[in-house]
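Engineer: According to the UniProt record's numbering, the residues represented by the sequence shown are 1 to 513, in order.
If you're looking for bench data, these hints aren't it; they were derived computationally from the structure. In this text, a Cβ means the ideal position worked out from N, Cα and C, and glycines have one as well. It is possible that part of the hints are untrue.
[As the list claims (entries may be wrong)] Quick list of the computed label-pair ranges, beta carbon to beta carbon: (1) E106 <-> I474: 48 to 56 angstroms; (2) N451 <-> K161: 52 to 60 angstroms; (3) L298 <-> K110: 53 to 61 angstroms; (4) A335 <-> R495: 39 to 47 angstroms; (5) E62 <-> P242: 24 to 32 angstroms.
[To be verified] Derived lysine-lysine pairs resembling DSSO-like cross-links, with alpha carbons at most 27 angstroms apart: (6) K300 <-> K382; (7) K48 <-> K87; (8) K364 <-> K332; (9) K332 <-> K379; (10) K87 <-> K279; (11) K505 <-> K161; (12) K378 <-> K332; (13) K300 <-> K378; (14) K368 <-> K425; (15) K379 <-> K425; (16) K169 <-> K95; (17) K300 <-> K364; (18) K388 <-> K460; (19) K364 <-> K239; (20) K364 <-> K388; (21) K427 <-> K368; (22) K267 <-> K368; (23) K378 <-> K388; (24) K505 <-> K279; (25) K505 <-> K90; (26) K332 <-> K90; (27) K300 <-> K460; (28) K300 <-> K379; (29) K300 <-> K279; (30) K364 <-> K382; (31) K239 <-> K48; (32) K378 <-> K364; (33) K87 <-> K30; (34) K103 <-> K87; (35) K425 <-> K332; (36) K388 <-> K267; (37) K368 <-> K382.
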Amino acid sequence: MLPLIRSTGLLVPVMASRASGTLAVRLQHKYALAHEKSFINGSWRQSKSGATFPVFNPANGEVICNVTDCSSEDVEDAVQAAILAFKSFKETTAKERSAMLLKFYELQNKHAEDLAKLMTAENGKPMVESRSEVVYGASFLEWFAAEARRMYGDYIPAPVKGREMVFIKQPVGVTGIITPWNFPNAMITRKIGAALAAGCTCIIKPAPETPLSALALAQLAHEAGFPPGTVNVLPSSEKTTPGVGRALCEHHQIHALSFTGSSAVGKLLLAQCADSVKKVSLELGGNAPFIVFDTANLEKAVNGALACKFRNTGQTCVSANRILVQEGIHDKFVAALTEAIQQRMKIGDGFNPDTTLGPLINSKAVEKVEHHVADAIKKGGKVVVGGKRHTLGGNFFEPTLVTNVNTSMLVCAEETFGPVASVIKFKTEEEAVDLANSTRVGLAGYFYTENIAQGWRVAKALEVGMVGVNEGIISCAEAAFGGVKESGLGREGSRYGLDEFTQIKYICFGGLE
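Take the sequences, apply the hints, and build the full model.
Structural biologist: Structural data, given as structure tokens:
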């Protein structure tokens, strides 16, 4: 049992720091639910190497704390804990797992403000967005609490007399879960909500930039009643992450892997999983088209583009990366979007209540955005607003609008992952659809039109896994999230989310004449 201290009105565990217990207590007073150690088999542990790595606040570069740096050597302990826990956890009833998930959901809501503060500290997003993500993340726990009781099988009429045939669904087993930094709460709950509902045990490897949100969730899962070994968290630095990822992929007693991240890394992990023939679900990169037809409602289209493009400072895989605007409405749309950016985008520290646009995650992200904008200018693009690092310095970049964009530019050909709205003018619906589909990825796509026939036609034609028609924010627990082409495998959320963590068993009863 961990000792407790009073912190911002909450009882939270005191962590014993190898270097200094005072540092751990001080950290807890500033950020409730913050932890510096890995979570394995229901206890907080230092890594075998004893190494740590710093977690930075991207808004000011300050070190929030130093977290234990797990390596491939630590994976085995987590795997054995998860294997042992699975033996009993798979036998729990759907009702029992549902009750634990509902308790988890209630605890996330209870500690919502502390989770949001922790997220803004390590990720940089504005508090309003962090609060929204905590609610969004909790919704997956609530959703899968219900879905746990709907893990139905099938009864199949037998082709001959004297037989009965059924299909049942069973948990796949120990699951490796690798999550990104851009949504450090919801990307975990979306995965473990389904995995725990199915009866699987989990080993979570959070992004090096945002381990604190993951460790906080481990505490809440433990408090919700999930047995030791059911939820394990292995924080790792940028240096040790490849080794931990490989160990999770290659371990023959881990039977499923769920990953959210770039297409390049997803392909690497898929190859590493091949030898053990894991069940793999991948939610990878996108290059989302956002099409505005002449038939669109201009105000709705601008509002949708603003939300879809600049949420989380453009650091989302479903962000509007290419804004395709029909020539008849192009100039009006650009003028309206320019005004909206200038009036509504307030850049700054996420803890400032006026901030609507936070920093990018790190200097590498800033350099990539800067490179993309420079490439666009070199190839004929016109910067209408923004286009450079913000005067705040550090990881801040101005909200940017670039017009006269063509397919040779990096802002069109690649996922920029930053606050850059790139506008391409088109003439016909056919041209727009061809442009939208001219990529190797296909995660999300959006378009605005008031023509219902056009709406149905274009929705079917877009080569993506998700389509928003007159809507710029489409993610929710009830929706099936996932892509086509090189944007991934499988679906998360919705009733289909359980499928990634279950396997079908066919049972035939004979001799029943």
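Engineer: Hints first: check each against the structure and report whether it holds.
Structural biologist: These are the hints, each one checked on the structure:
no. : hint                              : in the structure
1   : E106 <-> I474: 48 to 56 angstroms : violated, 27 angstroms
2   : N451 <-> K161: 52 to 60 angstroms : holds, 57 angstroms
3   : L298 <-> K110: 53 to 61 angstroms : violated, 42 angstroms
4   : A335 <-> R495: 39 to 47 angstroms : holds, 43 angstroms
5   : E62 <-> P242: 24 to 32 angstroms  : holds, 27 angstroms
6   : K300 <-> K382                     : holds, 24 angstroms
7   : K48 <-> K87                       : holds, 26 angstroms
8   : K364 <-> K332                     : violated, 34 angstroms
9   : K332 <-> K379                     : holds, 24 angstroms
10  : K87 <-> K279                      : holds, 19 angstroms
11  : K505 <-> K161                     : holds, 21 angstroms
12  : K378 <-> K332                     : holds, 25 angstroms
13  : K300 <-> K378                     : violated, 32 angstroms
14  : K368 <-> K425                     : holds, 24 angstroms
15  : K379 <-> K425                     : holds, 16 angstroms
16  : K169 <-> K95                      : holds, 16 angstroms
17  : K300 <-> K364                     : violated, 34 angstroms
18  : K388 <-> K460                     : violated, 38 angstroms
19  : K364 <-> K239                     : holds, 15 angstroms
20  : K364 <-> K388                     : holds, 15 angstroms
21  : K427 <-> K368                     : violated, 31 angstroms
22  : K267 <-> K368                     : holds, 21 angstroms
23  : K378 <-> K388                     : holds, 14 angstroms
24  : K505 <-> K279                     : holds, 15 angstroms
25  : K505 <-> K90                      : holds, 15 angstroms
26  : K332 <-> K90                      : violated, 58 angstroms
27  : K300 <-> K460                     : holds, 22 angstroms
28  : K300 <-> K379                     : violated, 31 angstroms
29  : K300 <-> K279                     : violated, 41 angstroms
30  : K364 <-> K382                     : holds, 24 angstroms
31  : K239 <-> K48                      : holds, 16 angstroms
32  : K378 <-> K364                     : holds, 21 angstroms
33  : K87 <-> K30                       : violated, 39 angstroms
34  : K103 <-> K87                      : holds, 22 angstroms
35  : K425 <-> K332                     : holds, 12 angstroms
36  : K388 <-> K267                     : violated, 33 angstroms
37  : K368 <-> K382                     : holds, 18 angstroms
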